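S.K.: For chain L, the structure is supplied; the task is to place chains S, E and Z with the ligands on it using the hints.
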Amino acid sequence: MAAMDAGFFRRWLTLAAAAVDRDAARLTDLDSAVGDADHGSNLRRGFTAVTAALDADSPDTPGAVLQLAGRTLVSTVGGASGPLYGTLLRRTGKALGDGAEVSGEELRDALRAGVEAVARLGGGAAGDKTMLDALLPAVDALPDTAAARAAALGGAEATVPLQARKGRASYLGERSKGHMDPGAASSALLIGALDEAAAGQDGTVEGDG
Amino acid sequence: MAAMDAGFFRRWLTLAAAAVDRDAARLTDLDSAVGDADHGSNLRRGFTAVTAALDADSPDTPGAVLQLAGRTLVSTVGGASGPLYGTLLRRTGKALGDGAEVSGEELRDALRAGVEAVARLGGGAAGDKTMLDALLPAVDALPDTAAARAAALGGAEATVPLQARKGRASYLGERSKGHMDPGAASSALLIGALDEAAAGQDGTVEGDG
Amino acid sequence: MRMLINAPETVVADALRGMAEAHPDLAVDVENRVVARRDAPVSGKVALVSGGGSGHEPLHGGFVGPGMLDAACPGEVFTSPVPDQMLRAASLVDGGEGVLFIVKNYTGDVLNFDMGAELADEEDIRVTRVLVEDDVAVTDSLYTAGRRGTGGTLFVEKLAGAAAEEGAPLERVTAIAQRVADASRSFGVALGAPTTPAKGGPTFDLPSDELELGIGIHGEPGRERRAVMTSAEIADYTVDVLLADRMPSGPVLALVNGMGATPLLELYGFNAEVQRALRGRGVEVARTLVGNYVTSLDMAGCSVTLCEVDDELLRLWDAPVSTAGLRWGR
Amino acid sequence: MRMLINAPETVVADALRGMAEAHPDLAVDVENRVVARRDAPVSGKVALVSGGGSGHEPLHGGFVGPGMLDAACPGEVFTSPVPDQMLRAASLVDGGEGVLFIVKNYTGDVLNFDMGAELADEEDIRVTRVLVEDDVAVTDSLYTAGRRGTGGTLFVEKLAGAAAEEGAPLERVTAIAQRVADASRSFGVALGAPTTPAKGGPTFDLPSDELELGIGIHGEPGRERRAVMTSAEIADYTVDVLLADRMPSGPVLALVNGMGATPLLELYGFNAEVQRALRGRGVEVARTLVGNYVTSLDMAGCSVTLCEVDDELLRLWDAPVSTAGLRWGR
Ligand SMILES: Nc1ncnc2c1ncn2[C@@H]1O[C@H](COP(=O)(O)OP(=O)(O)O)[C@@H](O)[C@H]1O
Ligand SMILES: Nc1ncnc2c1ncn2[C@@H]1O[C@H](COP(=O)(O)OP(=O)(O)O)[C@@H](O)[C@H]1O
Ligand SMILES: [Mg+2]
Ligand SMILES: [Mg+2]
Ligand SMILES: [Mg+2]
Ligand SMILES: [Mg+2]
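Residue numbers (this note's numbering), protein chains in the order written: chain L, 65 to 273; chain S, 65 to 273; chain E, 36 to 365; chain Z, 36 to 365.
Please note that a few of the clues may not be correct.
Here are the simulated distance ranges between beta carbons [as the list claims (entries may be wrong)]:
#	chain 1	residue 1	chain 2	residue 2	range
1	Z	244	E	322	41 to 49 Å
2	Z	322	E	322	28 to 36 Å
3	S	164	E	59	51 to 59 Å
4	E	73	Z	73	33 to 41 Å
5	E	153	S	221	29 to 37 Å
6	Z	322	E	204	33 to 41 Å
7	L	116	Z	156	45 to 53 Å
8	L	116	Z	73	30 to 38 Å
9	E	204	S	187	28 to 36 Å
10	Z	245	E	322	41 to 49 Å
11	Z	159	E	350	45 to 53 Å
12	E	350	Z	345	37 to 45 Å
Rather than coming from a laboratory, the hints here were simulated on the basis of the structure.
Computed from a prediction, not measured in an experiment: that's the story for all the values here.
In this text, a Cβ means the ideal position worked out from N, Cα and C, and glycines have one as well.
Pulled out of the complex, with its shape left as it was, chain L reads as follows:
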């Protein structure tokens, strides 16, 4: 994984926005089984605002890109996922500092700080059937983005049999079993977009962002 600049992070978020847009209905359907049927439209609204914010105001460091994105998510998403994803990106961005480029290892460490902030804010842990179940294994697999993508997907899949202990799905008790957690699914999209951006950077695949 080559060193990543602000452009890379913009591409990542643009790819994430496209993925969320594409899969919004699926995320909402997942949320309708165990929640309140808004996760897809929440994230679509948020990531649309993120790409608009990045277009309007082009921050020139990786940390600034993620912090702007995080602030934008907090200000536009609402729900549980807004503060949580917002905190994830803001916190990761802060951890990246203000260098113009970051390495894969730096990204991994920063993302770990971000994920830990999410766990602190939401009081959640692995196995609670939340976005953490996709994010935690993904961070562990970095800086290999392809492995991280697979780990996030696997983590999301692994939420299916779990009983939710956090968020809205927890109200269902036993009935939350048998459904994938919508936040874990969207986290897999986010990590998938990171891998796409990295692949594009390596010249293997040109991301559409």
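M.R.: Coordinates of chains S, E and Z with the ligands only, in the frame set by chain L:
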């Protein structure tokens, strides 16, 4: 047709009540196509009250039986059919006077007065797609009750293609065509019950009332 | 069938028991089906009585109280009440100044209220009657039972009720009710059919991509079906129909009414479009009421009622009212 | 999909425009999504701010006005608002005596309101927070996000609002809100699922002969499904669940609440059964409110909230309130 006493009229109304009870769902369904889906339950409520009133207070002349039944319908049915059927029976009963027995011809003439009162009260005429379309031909066919029953049924059938000009169905305009008028259908039941009562009296068929 | 009821036969009686429990300032006669002000008869005041089939709540029982009705006569679901109820209500609330019957124009309501008025007359109660016939969806009044009474009823009850509360005599209260009835126009749209307890299922089938335009408040199908329209399109259509029938020359009261199952969120959004449509056509809206006031059980949909007002009617609108369903001022 | 909307994305903004048109005494900031008293800030008065996802109307915007909330922050449908809204609302209504945030216990609401409180703190606005967590359907609070906030919110907003209107300082208003939250318990039953604009269809499938017991107000499925029950049976079940969780030792306020699509007629009938059930178990009901107050779009169903009150809370309940959704006295 033999002379009819108060017992005959009680049997008639009891048979009518049974028919209405049996066909209540059908009447309500007819009313749901062109009206407000209450004709069956309206008449069931009314005729249940009629049999109870006749049980509680056994009037001893045909005229008194019909007047009590009519008053009971007015007080318990509501809607358009309550005052109209109530007036039909009250007026017919009044026209029968206070003799202990009446002939088929006397019943026909009294029923004609009753039907005319219905037309006056509701401002309706033949062809308006109302109960009158079953009642008018039935009266014309009396004192032959079997012919009257057939005429009422035919009259009810003949309302199917008509566009309603009175009552709730008239709001549908053209869309009221193609459905039988619920009040015409219930009038056919009423006249059918009269024929059943007459047949029972002649010993041909024993009515269950 | 999934309803919050005990049995179809007990729906109205159960609801009256529940009203009695919730509103100690109402005198609810469950047996005889009359809802009246507890302080009735109010001596020296003209009394207002209305009623009709149940299923339109808060109309009419929810509009009983100071500044509006003195009594309401609830019939079975979608079935007009019987004359005995009107007689009992009139006897209960007549404070010596006479009673106004406010009647929605349906064959059943008209016949039963007229019989009720005859009975009241026999008891020497002075009764006048005003007919509400505001539904412009009913065209061709010559070949129909005439226009239905719908949302305009609320305006008639409120404004005539305020006049009565001010001490106006029967003739004047009646004249005001008539003026309001004359100045009111309504049009309704269904996005789904209601389920009546008697039928236990929807009273009509509506394909999921169509609307019923020109519906009444009894689950009757409308006069036309159309492919689904946006809130803005429905507002334009509705306002056009209303203004084509009667273009007000002064300010109006607007009732943007829910039929029962349409969320208030959607109704407020619809109100924004109705106001835009009215403004665009030069109509000034003096007051607006948004909510579920003249309903049709759990029908999804909406209706708009406009009532042209002068200063006097506007003052009567703003006058205090204290009922379960409408309450302000004092 | 058949809704009275323009597009799923504009539902909330359209509704706010419509609220602004209907209620001249509200200051509605459509762009920034804040509904406030037009006379805010009221100097010398503690301000109350609440909010949450839209789709529960009249909660919260319909409860803004003298005697209740100073401002409400509506989020997207079933989605809690964002911290920017809470900051703006707090800045707008703070009359120098501080602001109470009334927050329904959902992860999203808690996180966003907390962030909003942090932002307000940075602007030197004194903010306290009370969490409403009254839904007894959520058992096992250790393994869940805790009890949801539902109907009890109305009691908290009304009683704390009355205390603020009387001039109580922030600590006291907060303490009263907390007492009311502690004393409130709710339980809800769905007879049908709501349709959200984002999904365009029902959020869960319910066979026509079953009920969802223990539902929330966001179209979430409940904790149990059962074959259809009568109104009396649902009342007994609901009251048993409520009293098992908290048996009041004094009189209660009762909210018999419709979820949106259940006709008022049925709701009143249900109230009769709820009152019977409470009376039979020795609970004295001091005041009852029946209607659609804390809704879930067009969900069919009902909930019951009980709140034990002493003389002081009862006085605060009876105190005047003047909002779009709740209005009495003066
Ligand atoms: N306490 C928590 N910790 C971590 N993630 C959470 C927590 N609560 C909820 N989530 C995540 O948020 C997702 C739901 O987001 P969303 O539907 O947008 O918000 P809401 O639940 O408020 O409607 C869940 O699927 C879950 O992954
Ligand atoms: N003006 C009228 N003249 C004669 N019959 C009428 C008139 N209006 C209605 N009807 C009859 O009444 C029937 C409807 O009765 P019902 O459903 O019980 O009352 P409602 O229409 O008030 O719901 C119609 O089918 C029709 O036969
Ligand atoms: Mg959600
Ligand atoms: Mg009918
Ligand atoms: Mg009827
Ligand atoms: Mg949500």
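S.K.: Confirm or reject each hint.
M.R.: Outcome of the hint check:
no., hint, result
1, 244(Z) / 322(E): 41 to 49 Å, "45 Å, holds"
2, 322(Z) / 322(E): 28 to 36 Å, "29 Å, holds"
3, 164(S) / 59(E): 51 to 59 Å, "55 Å, holds"
4, 73(E) / 73(Z): 33 to 41 Å, "35 Å, holds"
5, 153(E) / 221(S): 29 to 37 Å, "36 Å, holds"
6, 322(Z) / 204(E): 33 to 41 Å, "37 Å, holds"
7, 116(L) / 156(Z): 45 to 53 Å, "29 Å, violated"
8, 116(L) / 73(Z): 30 to 38 Å, "32 Å, holds"
9, 204(E) / 187(S): 28 to 36 Å, "32 Å, holds"
10, 245(Z) / 322(E): 41 to 49 Å, "44 Å, holds"
11, 159(Z) / 350(E): 45 to 53 Å, "46 Å, holds"
12, 350(E) / 345(Z): 37 to 45 Å, "42 Å, holds"
Of the numbered hints given earlier, the model fails hint 7 alone.
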